[in-house]
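**Student:** These protein sequences, in sequence, are chains R and A.
Everything in the first sequence is counted per numbering that gives the first Met the number 0, starting at 0 for the first residue and increasing by one.
Everything in the second sequence is counted per numbering that gives the first Met the number 0, starting at 0 for the first residue and increasing by one.
Because the hints were derived from the structure by calculation, they are not lab data.
From the three backbone atoms N, C-alpha and C, an ideal C-beta is built for every residue, glycine too.
Each hint should be verified, as a subset may be incorrect.
Stated by the list, open to error - One-sided excerpt, in silico: chain R residues whose CB lies under 8 Å from chain A:
| id | residue |
| --- | --- |
| 1 | Asp28 |
| 2 | Leu31 |
| 3 | Pro80 |
| 4 | Ser107 |
| 5 | Asp109 |
| 6 | Ser110 |
| 7 | Asp113 |
| 8 | Asn123 |
| 9 | Arg127 |
| 10 | Phe135 |
| 11 | Gly139 |
| 12 | Gln140 |
| 13 | Asn144 |
Claimed, not checked - Simulated restraints on C-beta separations:
| id | chain 1 | residue 1 | chain 2 | residue 2 | range |
| --- | --- | --- | --- | --- | --- |
| 14 | R | Pro65 | A | Pro72 | 55 to 61 Å |
| 15 | R | Pro66 | A | Arg42 | 39 to 45 Å |
| 16 | A | Glu98 | R | Asn144 | 52 to 58 Å |
| 17 | A | Gly1 | R | Pro66 | 21 to 27 Å |
Said to hold, decoys possible - Residues on chain A that point at chain R, a partial pick, calculated with CB under 8 Å:
| id | residue |
| --- | --- |
| 18 | Arg16 |
| 19 | Glu19 |
| 20 | Arg20 |
| 21 | Gly21 |
| 22 | Ser51 |
| 23 | Ser56 |
| 24 | Ile58 |
| 25 | Ser63 |
| 26 | Ala67 |
| 27 | His70 |
| 28 | Ser71 |
| 29 | Pro109 |
| 30 | Glu110 |
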Amino acid sequence: MSQDFTSSAGGATTPQAVRILLAEDNDADVFLIRRALEKQGLRCQLAVARNGEEALRLLQTAEDSPPMDAPQLILLDLNLPRVDGGEVLAHVRKTQAFSETPVIVLTSSDSPRDRELAMRLGANAYFRKPTDLRSFMELGQVIENALG
Amino acid sequence: MGEEVYRLLVGAVHDIRSEERGVMTSAQLLESILGDSLPPDARALLERLIASSARVSTILAGVSRYAAALHSPGYSFRKVNLTCVVDAATVALEQEIREAGAAISYSGLPEVWGDRDQLVELFRSLLDNAIKYRSASSAKVEIEAQQVTGRKQDDVDFLFSVRDYGMGIGQQHQRSLFCPFRRLHGPEIPGVGLGLLICRKIVEAHGGRLWIESDTGCGLTAFFTLPVPA
Numbered sequence: 000m001s002q003d004f005t006s007s008a009g010g011a012t013t014p015q016a017v018r019i020l021l022a023e024d025n026d027a028d029v030f031l032i033r034r035a036l037e038k039q040g041l042r043c044q045l046a047v048a049r050n051g052e053e054a055l056r057l058l059q060t061a062e063d064s065p066p067m068d069a070p071q072l073i074l075l076d077l078n079l080p081r082v083d084g085g086e087v088l089a090h091v092r093k094t095q096a097f098s099e100t101p102v103i104v105l106t107s108s109d110s111p112r113d114r115e116l117a118m119r120l121g122a123n124a125y126f127r128k129p130t131d132l133r134s135f136m137e138l139g140q141v142i143e144n145a146l147g
Numbered sequence: 000m001g002e003e004v005y006r007l008l009v010g011a012v013h014d015i016r017s018e019e020r021g022v023m024t025s026a027q028l029l030e031s032i033l034g035d036s037l038p039p040d041a042r043a044l045l046e047r048l049i050a051s052s053a054r055v056s057t058i059l060a061g062v063s064r065y066a067a068a069l070h071s072p073g074y075s076f077r078k079v080n081l082t083c084v085v086d087a088a089t090v091a092l093e094q095e096i097r098e099a100g101a102a103i104s105y106s107g108l109p110e111v112w113g114d115r116d117q118l119v120e121l122f123r124s125l126l127d128n129a130i131k132y133r134s135a136s137s138a139k140v141e142i143e144a145q146q147v148t149g150r151k152q153d154d155v156d157f158l159f160s161v162r163d164y165g166m167g168i169g170q171q172h173q174r175s176l177f178c179p180f181r182r183l184h185g186p187e188i189p190g191v192g193l194g195l196l197i198c199r200k201i202v203e204a205h206g207g208r209l210w211i212e213s214d215t216g217c218g219l220t221a222f223f224t225l226p227v228p229a
């Protein structure tokens, strides 16, 4: 899967870079997420899937690859085209290779039910995308916490 | 609200919200990048852009809550302890309550059969209004409940009152209280003009009625009924 990761914060790939799969269809949100990672000082290789189908394809590739190439964290928008984030999350938790991989669900939804559903499907954290910049950058800390 | 319209509304709110987030955060980034090099008139324009964007976000949040209130198939009914519901509503308004120095009193509220999240939204919205439209001298809100005879002879309802001692609303304005996006105040008091309408829809979805009693300078009491669980 390493060829699907593009380097993000810190420039060139290093052994310490965290492999993150980001499933997000909104360009502005992808930009903000990259920025949050940079602000947090997280060195990472970021693979971006623009829809649920692409996310599942990248995960399949990762499953077929050596474990050292698998994503260490998944950032998952719930509202994805083609295959929605809920289905991707359910697949992740059913797949042995990723059953323990931290998943942070990203959403614009303020419905408590959506949060409950995401946690029931196995998300480790739920980040409601705020509209203001400073609050959005708190995602960096959420990611760092999920990585442990 | 039909399922098709509900899905359309939820989808539209989501997509508009995503783009609005792009506008807001880009404007804020521009502000931080340009910093002090911005001439005053350009800074004023950027601040106006950010303020308008924030307003769009507030309107979308209101529309989202309205859609959820109207979408009764989405309600999940179970026994709900209303003291816990009001506790949750006050937690959601913690900052507003603290800044206003508001005193919210309630005790011995009953259990009802209802959707917990919507009931939290009901009380949150009523308390938010009471705090926003408080008078200079009082930010006190009292919540009470009693049993009354329902519309049919054998029915028993709970009658709730949420009473504040704030600005109140004159009789001449009360007709438009439940009209969407109709506000009596300008931007000096934040709001969208959906709060009471949302509250009424939530209560009606629970089989109850909501009305208000108020006058200028005399505070406002929101009354609503909810059926007693069988």
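**Student:** Hint by hint, where does the structure go against what was stated? Just the numbers, ascending.
**Tutor:** 3, 7, 8, 9, 11, 12, 13, 14, 15, 16, 17, 22, 24, 27, 28, 29, 30
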